[in-house]
Structure formats: structure tokens, C-alpha cells
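Same order as they appear, the protein sequences are chains A and B.
So for the first sequence, our numbering puts the first residue at 489; every next one is plus one.
So for the second sequence, our numbering puts the first residue at 489; every next one is plus one.
It should be emphasised that the hints constitute simulated quantities derived from the structure, not laboratory data.
Be aware that a few hints might be false.
No distinction is drawn between identical chains; accordingly, a pair holds when it is met within one copy or between any pair of copies.
[Unchecked claim] Each computed SDA-like pair below joins lysine to any residue, with the alpha-carbon atoms no more than 20 Å apart:
id : residue 1 : residue 2
1  : Lys518    : Pro707
2  : Lys574    : Phe531
3  : Lys716    : Gln646
4  : Lys675    : Glu504
5  : Lys675    : Glu643
6  : Lys716    : Val699
7  : Lys518    : Ser530
8  : Lys518    : Arg573
9  : Lys561    : Arg631
10 : Lys716    : Gly677
11 : Lys661    : Asn632
12 : Lys716    : Gln653
Number of protein chains: 2
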Amino acid sequence: MTGTLYGVGLGPGDPELLTIKAHRLICSAKTIAYPAAVGVPSFARQIASQYIQEGTTEIPIEMPMKVERFPAKEIYDQAAETISRKLQTGEDVVVLCEGDPFLYGSFMYLYERLRFDFNCEIVPGVSSINACAAALGRPLAARNDVLTIIPGPLEDEQLQHRIEQSDAFVIMKVGRHLPRVKTLLEKLGLLGAAGYVERATLPEMVVTPLVDYPNETAPYFSMIIVYKGDEAWTLHPQSL
Amino acid sequence: MTGTLYGVGLGPGDPELLTIKAHRLICSAKTIAYPAAVGVPSFARQIASQYIQEGTTEIPIEMPMKVERFPAKEIYDQAAETISRKLQTGEDVVVLCEGDPFLYGSFMYLYERLRFDFNCEIVPGVSSINACAAALGRPLAARNDVLTIIPGPLEDEQLQHRIEQSDAFVIMKVGRHLPRVKTLLEKLGLLGAAGYVERATLPEMVVTPLVDYPNETAPYFSMIIVYKGDEAWTLHPQSL
Numbered sequence: 489m490t491g492t493l494y495g496v497g498l499g500p501g502d503p504e505l506l507t508i509k510a511h512r513l514i515c516s517a518k519t520i521a522y523p524a525a526v527g528v529p530s531f532a533r534q535i536a537s538q539y540i541q542e543g544t545t546e547i548p549i550e551m552p553m554k555v556e557r558f559p560a561k562e563i564y565d566q567a568a569e570t571i572s573r574k575l576q577t578g579e580d581v582v583v584l585c586e587g588d589p590f591l592y593g594s595f596m597y598l599y600e601r602l603r604f605d606f607n608c609e610i611v612p613g614v615s616s617i618n619a620c621a622a623a624l625g626r627p628l629a630a631r632n633d634v635l636t637i638i639p640g641p642l643e644d645e646q647l648q649h650r651i652e653q654s655d656a657f658v659i660m661k662v663g664r665h666l667p668r669v670k671t672l673l674e675k676l677g678l679l680g681a682a683g684y685v686e687r688a689t690l691p692e693m694v695v696t697p698l699v700d701y702p703n704e705t706a707p708y709f710s711m712i713i714v715y716k717g718d719e720a721w722t723l724h725p726q727s728l
Numbered sequence: 489m490t491g492t493l494y495g496v497g498l499g500p501g502d503p504e505l506l507t508i509k510a511h512r513l514i515c516s517a518k519t520i521a522y523p524a525a526v527g528v529p530s531f532a533r534q535i536a537s538q539y540i541q542e543g544t545t546e547i548p549i550e551m552p553m554k555v556e557r558f559p560a561k562e563i564y565d566q567a568a569e570t571i572s573r574k575l576q577t578g579e580d581v582v583v584l585c586e587g588d589p590f591l592y593g594s595f596m597y598l599y600e601r602l603r604f605d606f607n608c609e610i611v612p613g614v615s616s617i618n619a620c621a622a623a624l625g626r627p628l629a630a631r632n633d634v635l636t637i638i639p640g641p642l643e644d645e646q647l648q649h650r651i652e653q654s655d656a657f658v659i660m661k662v663g664r665h666l667p668r669v670k671t672l673l674e675k676l677g678l679l680g681a682a683g684y685v686e687r688a689t690l691p692e693m694v695v696t697p698l699v700d701y702p703n704e705t706a707p708y709f710s711m712i713i714v715y716k717g718d719e720a721w722t723l724h725p726q727s728l
């Protein structure tokens with residue numbers, strides 16, 4: 489009987505925001521795998537590090553820093569092959585996933601290569617979207633609001649159209665798109681309502697009204713949240 | 489010095505999907521509050537029940553079963569008053585929130601009444617959206633996909649417009665809107681790609697392609713998820 493592939497959500501960064509289930513699976517894992525940007529410590533591994541036991545087999549999946557178009561097919565083929573060999577010995581493999589395994593991220597590229605041959609279990613995690621709203625101290629959506637998650641790299645016309653159709657929206661992966669997004673939000677009269685968060689729940693977290701964010705670009709792990717629904721919902725960033 | 493108001497996400501239902509932080513706060517709470525539909529056991533309390541200590545003061549916030557328009561103002565006023573008195577004695581109050589505190593739900597109505605007078609900390613939780621995608625075994629969104637969360641009660645024209653603008657979408661609070669939504673998805677050629685989940689992560693969970701769901705209506709705690717982005721992503725419901 490082959491092992492089970494677990495895709496385990498780690499949450500946004502604070503090790504206390506792992507679920508009890510994720511904690512249990514990582515603590516008891518004989519083999520773990522995780523994305524690792526070449527040349528820097530793996531963020532996923534860092535989140536879970538205090539729960540990883542001595543002697544656990546580790547399979548880092550080394551990715552180039554910027555994978556802007558299609559994900560690197562050969563890297564995922566190879567990682568899937570390595571994991572597959574482990575699963576075939578009857579041993580489970582626990583894949584560490586930043587945030588939630590199925591909300592953006594890279595776990596799905598392993599999963600699509602393995603899911604028809606092996607038993608899989610996905611353990612949902614706290615998304616950074618929820619963590620950023622918590623840090624800003626303002627709800628994401630209520631009642632019959634439409635909430636849209638919009639990737640920053642979309643062109644202005646696309647961004648604008650989705651923004652106009654939403655009662656609330658989150659712009660993810662802001663990065664170098666920050667100036668363009670700010671200009672667009674100002675044009676739509678929404679800059680004042682926008683909250684900005686980077687590195688949510690980590691010691692280096694930044695939480696601020698977007699108008700007060702001083703830099704020209706933002707890191708990859710950043711987002712802009714706007715709640716149009718109710719003007720009473722002013723930003724109330726918490727100090728955590 | 490006044491106490492802190494904690495809004496703590498419980499996750500979708502499985503007690504193991506509380507975060508380690510939520511677990512810690514509930515175990516050590518002297519006072520908890522939670523929504524409680526009149527005449528039925530509180531779902532929020534049930535999720536957390538094994539973590540609630542003997543002797544903890546409990547503040548059930550009793551809501552009528554169907555609160556379709558504005559939430560019952562007087563009920564939240566009263567609950568906020570009760571919680572406020574506790575906070576003023578210097579004691580913390582931990583509010584139990586199904587799923588995530590700021591993604592729909594009712595915690596925000598307490599929060600808007602208390603947030604300017606008291607220190608608040610929001611602990612994000614696993615949303616049922618993530619739990620349902622995990623149960624269906626299919627990603628929510630990838631790369632530059634636009635993901636839209638759409639409440640079921642919206643009119644057909646509104647639903648259709650948002651659906652057409654999204655690469656992936658989630659229809660929440662399906663309930664009695666199920667026949668209308670199915671008809672609309674069929675018209676748009678998306679019925680075959682739709683997954684249905686109710687009572688995610690609970691023993692009575694139902695996970696099925698929407699076409700196979702036999703009933704005329706759905707419970708409130710149900711959702712429909714469609715990922716248009718990639719036809720290779722067929723539904724792969726997991727048995728958990």
C-alpha cells in the first residue's frame with residue numbers, strides 16, 4: 489500500500505497560526521517536502537521549523553526566485569518523481585505549504601502530477617488574506633458583499649473592471665506594480681480607503697493606510713485591501 | 489487598565505482546524521462569547537467545546553435563526569454592553585468566531601461597537617472556502633487568476649456578471665437559491681465544472697460534483713466552487 493501525500497497549510501508566517509492538525513502531521517512526519525527559493529532559506533520551512541523532528545527526511549524543491557510565467561516544469565517533474573518514489577515505499581510525505589495549499593501558491597503543481605496515482609489529503613490553512621485583514625483591523629466582506637481577489641500583475645483595464653464590480657477587493661502580489669496600482673486607486677477615488685500589509689504576522693510586518701506607505705515598490709508578500717461597502721469601516725491597524 | 493477583546497477564528501468545524509493560537513486563547517480564557525442561534529446548540533461553541541475550561545464565564549449572543557437584512561441591532565447592542573462591562577473590569581473576553589472573524593460572519597457587528605473603546609486583537613482562522621476547496625481536491629486559484637466570492641442571494645444578473653468576470657468563483661450561502669444557481673451555471677456552460685460542499689470538515693460533510701447533488705435546496709453552510717482556469721483540474725473529491 490502506497491503512502492499518502494499531505495498538502496499542509498502553514499498559515500501566513502506566525503508559527504502559532506498553524507492548525508492543530510498541521511502541527512500534528514508535521515511533528516509525526518518521516519518525510520517532508522517544501523518550496524525553497526534558490527539561495528535563500530525556505531520560508532515554508534522557517535514557519536514550521538520548530539515542529540520538524542530530528543531525523544526527518546527533507547525534500548527541498550528548489551525554485552528560481554522569479555517564476556513569472558509557467559512554473560518551471562522540470563523542477564516540479566523532478567520533485568514529483570522524488571516524492572513518488574517515497575510514497576511507493578509506503579511512506580507518507582508531508583508537503584509544507586505557505587498559507588493555504590490551494591489558494592495560489594505552488595503546491596498544486598506537485599499535486600497535479602501525483603493526485604491520480606496516490607491518496608492525497610489537503611489540510612487547509614489560514615490564508616494571508618485573512619491575516620492581513622486581521623492586522624488592518626477591518627472586515628474583508630459582510631452580508632451580500634462581493635469580494636474579489638485580484639493579482640497585481642493584471643493590466644490597468646482588467647484591474648479597474650474587477651475593482652468596479654466588487655464591494656471589496658484584495659490586490660495580491662503587489663511588488664513592482666505598486667505605483668501603477670496606487671495611481672489607479674486614486675483615479676477611482678479609493679486610495680483613502682486602501683490598507684496595505686506586508687509580511688503579515690511576522691516580526692517585520694508592516695501595516696499602514698496605503699497613502700502612508702513610503703516606498704516605491706513593495707515586496708512580493710504584500711497586499712492591498714479595500715472595503716468599499718461601508719464608510720464607517722475606517723482602517724484600524726492593530727499593533728500585534 | 490481595560491481588558492482586550494479577542495476575535496478568534498475557529499475554522500470551519502473540525503476542532504483540529506483551530507490554530508495553535510486560538511487553542512491557547514480559548515484554553516486560558518476566563519470569559520468567552522459566541523453566537524448562538526435561538527433554540528439550537530451554538531455551532532461556534534461546539535467547535536471549541538473540548539477546549540473550554542470549567543468555570544469559564546460564557547456570554548451566548550442569541551440570534552434569531554434567519555437574519556436576512558440588517559443584523560438585529562438591539563441584540564448586538566446588548567451583547568456589546570455585556571462584553572464592555574467585562575472588559576472594563578480589566579478582564580479579557582474571547583469571542584468565538586466560526587471560520588475567520590472578518591470573512592462574512594457576525595463578529596464584525598460586535599467589533600464595530602467596541603473597537604474604539606477597547607484594545608482588540610483579531611486571530612485569523614481557516615475559512616470554510618479553503619476547507620471546501622481542500623475537500624473537493626481542486627485548487628481555488630493559481631497564478632494570475634481572479635477569484636470572486638459571491639453570495640448566493642444576489643440576483644441572476646448580478647451573479648452572472650461576476651461569474652463572467654472571474655477565472656474562479658465561490659458561491660456562498662447557497663440555501664434556497666440552489667435551483668436558480670444551477671440553472672444559471674447550466675446556461676453559462678459551467679455546471680459540469682462545479683463542485684458542491686456542505687458542512688465542510690464535519691462528520692456529516694457532503695462533497696460532490698454539483699450535477700450529482702440530489703436535493704432541491706441546500707443548507708446555509710454550503711458552497712459551490714467553480715474553477716474555470718484549467719480544464720485539467722477535474723473534481724477529485726477526497727474522502728477525509
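Quick rundown of the hints versus the structure:
| no. | hint | in the structure |
| --- | --- | --- |
| 1 | Lys518 - Pro707 | neither (34 Å within a copy, 40 Å between copies) |
| 2 | Lys574 - Phe531 | neither (23 Å within a copy, 40 Å between copies) |
| 3 | Lys716 - Gln646 | both (18 Å within a copy, 17 Å between copies) |
| 4 | Lys675 - Glu504 | neither (39 Å within a copy, 45 Å between copies) |
| 5 | Lys675 - Glu643 | within (15 Å within a copy, 29 Å between copies) |
| 6 | Lys716 - Val699 | within (16 Å within a copy, 35 Å between copies) |
| 7 | Lys518 - Ser530 | within (19 Å within a copy, 39 Å between copies) |
| 8 | Lys518 - Arg573 | within (14 Å within a copy, 50 Å between copies) |
| 9 | Lys561 - Arg631 | between (41 Å within a copy, 14 Å between copies) |
| 10 | Lys716 - Gly677 | within (10 Å within a copy, 31 Å between copies) |
| 11 | Lys661 - Asn632 | between (26 Å within a copy, 10 Å between copies) |
| 12 | Lys716 - Gln653 | both (11 Å within a copy, 19 Å between copies) |
Violated hints, listed in ascending order, are 1, 2 and 4; each of the other numbered hints is respected by the structure.
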